[in-house]
Amino acid sequence: MSEQVRVLISDKMDPRAAAIFRERGIQVDEKPGLTPEEFKAIIGDYDGLAVRSSTRVNAEAMDAAIPRLKVIGRAGIGVDTIDVPAATARGIVVMNTPFGNSITTAEHAIAMLFALAREIPAADQSTQAGKWEKNRFMGVELSGKTLGLIGCGNIGSIVADRAHGLKMKVVAYDPFLSPERALELGVDKVELDELLRRADFISLHTPLTDQTRGILSREALAKTKPGVRIVNCARGGLIDEAALKEGLESGHIAGAALDVFMQEPAKENPLFGTPNLICTPHLGASTNEAQVNVAIQVAEQMADFLLLGGITNAVNMPSLSAEEAPRLKPYMALAEKLGRLVGQVAGADIRSVAVEVEGAAAELNMKPITGAVLAGLMGTYSDTVNMVNAPVYAKERGLDVKEVRHEREVDYHTLVAVTVGTAEGDKRVAGTLFGNRAARLVDIFGVAVEADLTPRMIYIVNTDAPGFIGSLGTTLGKAGVNIATFNLGRRKAGGEAVALVAVDDPITPELTEELRKLPGVRQVVPLTF
Numbered sequence: 001m002s003e004q005v006r007v008l009i010s011d012k013m014d015p016r017a018a019a020i021f022r023e024r025g026i027q028v029d030e031k032p033g034l035t036p037e038e039f040k041a042i043i044g045d046y047d048g049l050a051v052r053s054s055t056r057v058n059a060e061a062m063d064a065a066i067p068r069l070k071v072i073g074r075a076g077i078g079v080d081t082i083d084v085p086a087a088t089a090r091g092i093v094v095m096n097t098p099f100g101n102s103i104t105t106a107e108h109a110i111a112m113l114f115a116l117a118r119e120i121p122a123a124d125q126s127t128q129a130g131k132w133e134k135n136r137f138m139g140v141e142l143s144g145k146t147l148g149l150i151g152c153g154n155i156g157s158i159v160a161d162r163a164h165g166l167k168m169k170v171v172a173y174d175p176f177l178s179p180e181r182a183l184e185l186g187v188d189k190v191e192l193d194e195l196l197r198r199a200d201f202i203s204l205h206t207p208l209t210d211q212t213r214g215i216l217s218r219e220a221l222a223k224t225k226p227g228v229r230i231v232n233c234a235r236g237g238l239i240d241e242a243a244l245k246e247g248l249e250s251g252h253i254a255g256a257a258l259d260v261f262m263q264e265p266a267k268e269n270p271l272f273g274t275p276n277l278i279c280t281p282h283l284g285a286s287t288n289e290a291q292v293n294v295a296i297q298v299a300e301q302m303a304d305f306l307l308l309g310g311i312t313n314a315v316n317m318p319s320l321s322a323e324e325a326p327r328l329k330p331y332m333a334l335a336e337k338l339g340r341l342v343g344q345v346a347g348a349d350i351r352s353v354a355v356e357v358e359g360a361a362a363e364l365n366m367k368p369i370t371g372a373v374l375a376g377l378m379g380t381y382s383d384t385v386n387m388v389n390a391p392v393y394a395k396e397r398g399l400d401v402k403e404v405r406h407e408r409e410v411d412y413h414t415l416v417a418v419t420v421g422t423a424e425g426d427k428r429v430a431g432t433l434f435g436n437r438a439a440r441l442v443d444i445f446g447v448a449v450e451a452d453l454t455p456r457m458i459y460i461v462n463t464d465a466p467g468f469i470g471s472l473g474t475t476l477g478k479a480g481v482n483i484a485t486f487n488l489g490r491r492k493a494g495g496e497a498v499a500l501v502a503v504d505d506p507i508t509p510e511l512t513e514e515l516r517k518l519p520g521v522r523q524v525v526p527l528t529f
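Just so you know, we're using the working numbering here: the sequence shown kicks off at 1 and counts up by one.
Hints are computed from structural coordinates only; laboratory data are not their basis. Just so you know, nobody snuck in bad clues.
The calculated SDA-like cross-link candidates involving lysine to any residue, where the alpha carbons are at most 20 Å apart (straight line), are:
1) 478 <-> 526
2) 225 <-> 143
3) 245 <-> 221
4) 402 <-> 356
5) 169 <-> 188
6) 367 <-> 386
7) 169 <-> 118
8) 134 <-> 121
9) 70 <-> 45
10) 267 <-> 53
11) 517 <-> 471
12) 12 <-> 38
13) 225 <-> 188
14) 492 <-> 445
15) 427 <-> 440
16) 189 <-> 175
DEER-style ranges, computed between Cβ atoms:
17) 506 <-> 67: 21 to 27 Å
18) 66 <-> 486: 38 to 44 Å
19) 210 <-> 281: 22 to 28 Å
Think of the CB as a built atom: it goes at the ideal place given N, C-alpha and C, for glycine as much as any other residue.
Generate coordinates for the entire structure from the input sequences, incorporating the hints supplied.
Written out as structure tokens, the structure reads:
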């Protein structure tokens, strides 16, 4: 399998990335500088795509890549050159490397703080011009000043640590920052308006999303303390550039240091030439160490996914480590079959889904199990569903999805159950693993059964009565359909009975109708797994 896996590296990347792929038995082609047309012409031949920031992977390119492309790896933190929603809809995992360049970017932000505080670029230019304007460059100390962090994740937390070393006070606005984490970092968690009011320096460390775009808007900049200095080493588009220019020209903003711009490469920008502005050409991650780190990380993450099923730093699905993947694989296979079973039997009128785990399953990472259930369930409506896009499909259908973890004694050493809510009430199926590998159905809609879930099966509900099994076998025999296994269950003698029949041959619509005509039959559903 590994000899057939292919990866394309379409941007310039440290050669150690390609070396890692080859060491893992993956065929890799390094082709930086492809035109969009050349890229679309070949991308369909690859299972994985490794990029930096030059290749733009839009929906049109992904259409050329499916059905083979499984993963896109970004050697870096930003994924704004990748259409993540389009990738998700097409079942493609998108990964980044949020830690590989965190220190480098944080150090660049600190360097920008120093440059702003002491006006170093302008002083350097003046001195080299022979002016010696010592009285012109009266800077400010960082010590004792308040640094406002907009975003306090991987990079922001490193900046906070370095700022504490400079004896700065740190306040942070980050909706995802817990009070416990803020206390651990020694930062004061505040709302945005309070940060704007208190901060002497503001540094942005948040991704560019619909929620953060223009977070330093004209209105926000007007709320800042007079004389504030602003650093942006995160993403262009977080700041209203026109309003920033006005603030610099009026003196309300004492200085700004930008490593990123709304349009890049920024060979022209209305901000250029504005007083007290420092600019660098998106150097946040540009150190030798960072380039090596992100290349190694993206190759290792992609190889783990393509060969072992491990999912690390994915931006559009839950993580699943390479160590967890082998242990979770049989549970995910069971979960997908349960989802597919209940989806085929319950039909389209499903309003909610609850996934329960008990016993050994309750000790595992539950997110991949839920994702597998949804992939099986949504797979009954579309043949392009997988664990990546199944949650999106479920959300589009308005399904309420719940996860329940039970820590109680159960009859089986491990159990996964799926309950769907329908107009007719809840329908529940449950399964276990035999030998920690073989998926086995043990309950279907309240009827105890013991059945392997094989590729072709027939689900039949009938009234328990003598002679039914004979009639069923005769009908299948006349149609030339061979029975592989036969599993029965019933609520009570003479009551509702369930048959799960594994067969070797396809079940035609005509045969399905013949089975429905048998005496006592209430429901017949051909199943595929």
